[in-house]
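Enquirer: Heads up: the protein sequence lines correspond to chains A and B, in order.
Per the working numbering, the very first residue in the first sequence carries number 2; after that it's consecutive.
Per the working numbering, the very first residue in the second sequence carries number 2; after that it's consecutive.
Think of the hints as simulated: they come from the structure by calculation, not from any bench.
Don't take every hint at face value.
Unchecked claim - Here are the simulated EDC-like cross-link-like pairs (lysine to aspartate or glutamate), alpha carbons at most 20 Å apart as the crow flies:
{"id": "1", "chain 1": "B", "residue 1": "Lys59", "chain 2": "A", "residue 2": "Glu185"}
{"id": "2", "chain 1": "A", "residue 1": "Lys69", "chain 2": "B", "residue 2": "Asp226"}
{"id": "3", "chain 1": "B", "residue 1": "Lys169", "chain 2": "B", "residue 2": "Asp139"}
{"id": "4", "chain 1": "A", "residue 1": "Lys78", "chain 2": "A", "residue 2": "Asp106"}
{"id": "5", "chain 1": "B", "residue 1": "Lys169", "chain 2": "A", "residue 2": "Glu185"}
{"id": "6", "chain 1": "A", "residue 1": "Lys174", "chain 2": "A", "residue 2": "Asp248"}
{"id": "7", "chain 1": "A", "residue 1": "Lys174", "chain 2": "A", "residue 2": "Asp200"}
{"id": "8", "chain 1": "B", "residue 1": "Lys135", "chain 2": "B", "residue 2": "Glu228"}
{"id": "9", "chain 1": "B", "residue 1": "Lys169", "chain 2": "A", "residue 2": "Asp106"}
{"id": "10", "chain 1": "A", "residue 1": "Lys165", "chain 2": "A", "residue 2": "Asp139"}
{"id": "11", "chain 1": "B", "residue 1": "Lys59", "chain 2": "A", "residue 2": "Asp126"}
{"id": "12", "chain 1": "A", "residue 1": "Lys165", "chain 2": "A", "residue 2": "Asp248"}
{"id": "13", "chain 1": "A", "residue 1": "Lys165", "chain 2": "A", "residue 2": "Asp146"}
{"id": "14", "chain 1": "A", "residue 1": "Lys284", "chain 2": "A", "residue 2": "Asp139"}
{"id": "15", "chain 1": "A", "residue 1": "Lys165", "chain 2": "A", "residue 2": "Asp126"}
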Amino acid sequence: MPDDNPAEIQQRASDDTPENREAEAPQEARESQSQEAAPQGPEEVVAGMPGTGPAGEPIRVISLAERKRINRREMLKLAPVLAVGAFAVTKFRQPLLDEGLAFSDWASGKLFGRHRLARTFSNRDVAPFQRFPYNFYDVADPGVDLEAWTLTVQGLVQRPGEYKLEQIQALPKVVQNTRHVCVEGWDVIGNFGGTRGSDFLRLIGADASARFLEVECADEYYESIDMATVLHPQTLFCYEMYGQPLDRGHGAPLRLQMPTKLGYKQAKYLNTVRVTNVLRADKRGYWEDQGYSWYGGL
Amino acid sequence: MATTAAVMKPTEVPATVTVSYEHPWAVRIAHWLGAVAVFVMIGSGLRIFRAFPSFGPKIPQQDFVHIPGQFTIGGWLGGALQWHFTFMWIFVGSGLMYLIYQLATGHWRQVLFTPRDIKGVWPMVRHYFLFGPKPAVDMAYNPLQKLAYTSTVFLGVVSTLTGMVLYKPVQFWWLTWLMGGFHYARIWHFAAMCGFVAFIPGHLIMVALHGWNNFYSMITGWKRDPEYLD
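Next up, chain A with everything else stripped away, as it sits in the complex (with noise of 0.2 Å):
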């Protein structure tokens, strides 16, 4: 019976008029009386009852007290709804976020394609200079002295030191039309240059298989990225924007330009980069370590 097609249950069931049952009621109470008589009998599933329920099921009469059971059982079986009624616990509710959190992060690297380009737009498309807003966390100009200003490099690299722009300008220069998106949900298309991550990379000397760049800035800001991303071809380190070096409110003189990650990933007026395999736990990313997720892609 439960593979019978709906519609003839439907019929089965429509069938079922008041003169049929009203015929078969006195034999139904005659059953269920006799099986009381023997108690714990088997479910009475009457079987002189046409049609069944909507699920497939035949329509059953049954004692009150074998409906009280059915329920109980059925009511636990729903026992795993509950289980999200954890969130509603306050001890409980972060460590379920921040676990939430992560395995979204962890989905979303997994999902992450090396080779996969973000959309690159036309100068048509891209938006004027003066409507690509300036976005800080604290100051709009941490007031870097762009004449001594040197990049700190550390870490798992062979050639740790200062590094000056113009060794950074040295390398080949990638200029991109993408879309910049902010976390609050407006997104704006700019004009970027810069040189690769992975030319970078590879001027420092760094260790190809480490995980992780951490980054520091002038503002205080700090920024972690996993070295997928660092080595994405669309990854810059970008020191111009518009054909112009980067402005004070923009990051002077270098920043991040990541079309794969979201805008606060994208750090501003860089201090230090460090390559490591151990990420601090409280030192993931300014924002990160208020809640944002760590892995913030696109």
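Dock chain B against chain A, hints included.
Expert: Only chain B this time, still in chain A's reference frame:
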């Protein structure tokens, strides 16, 4: 024990009830997990939207609507994103569970709204809202129910696909393209949410009107004295 029947007088015939299995376990689990997930996704989604309540550019920003904080979940953007990125798995998981069950059992035929159901919608609306006569019930779900439940599946699919675009526009570049771009995905995502917001009060009113027995069947699966036997 055997004597019980003999002693029993006719007036003491044990009470029996007719019950029908309406909602299998998979459907009930999916329903309640989905209900919780939709609630959380809407609440946290509104808080996320509040961070940039516009569908236009950032400069100049023109807000579309202001969403009062007390209608939201998460407390701040980062908190709301945690809820959203956690419950999205429950939302999609319960939805997939429901769809797989419906497809595997063939029960989708009972609930899928098809063009044949169109003509039955208005009589049901007239019955519910304008005190019209009750149309004859000859199927498990009436045309208005089919429309409502099929709509929620549609809304679930749309909110999932558009959500995937907003979450990973680069990785799901083909979906981004299909949705008409990142901006449109954001609009469709919001629209799907509005669809759920429209469905929920109607659904709750109907549940309230149909009483405890009907509601209880979504918990235990078995409905007492099903109306299609009347």
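Enquirer: If you test the structure against every hint from before, which numbers come out violated?
Expert: 3, 4, 10 and 15
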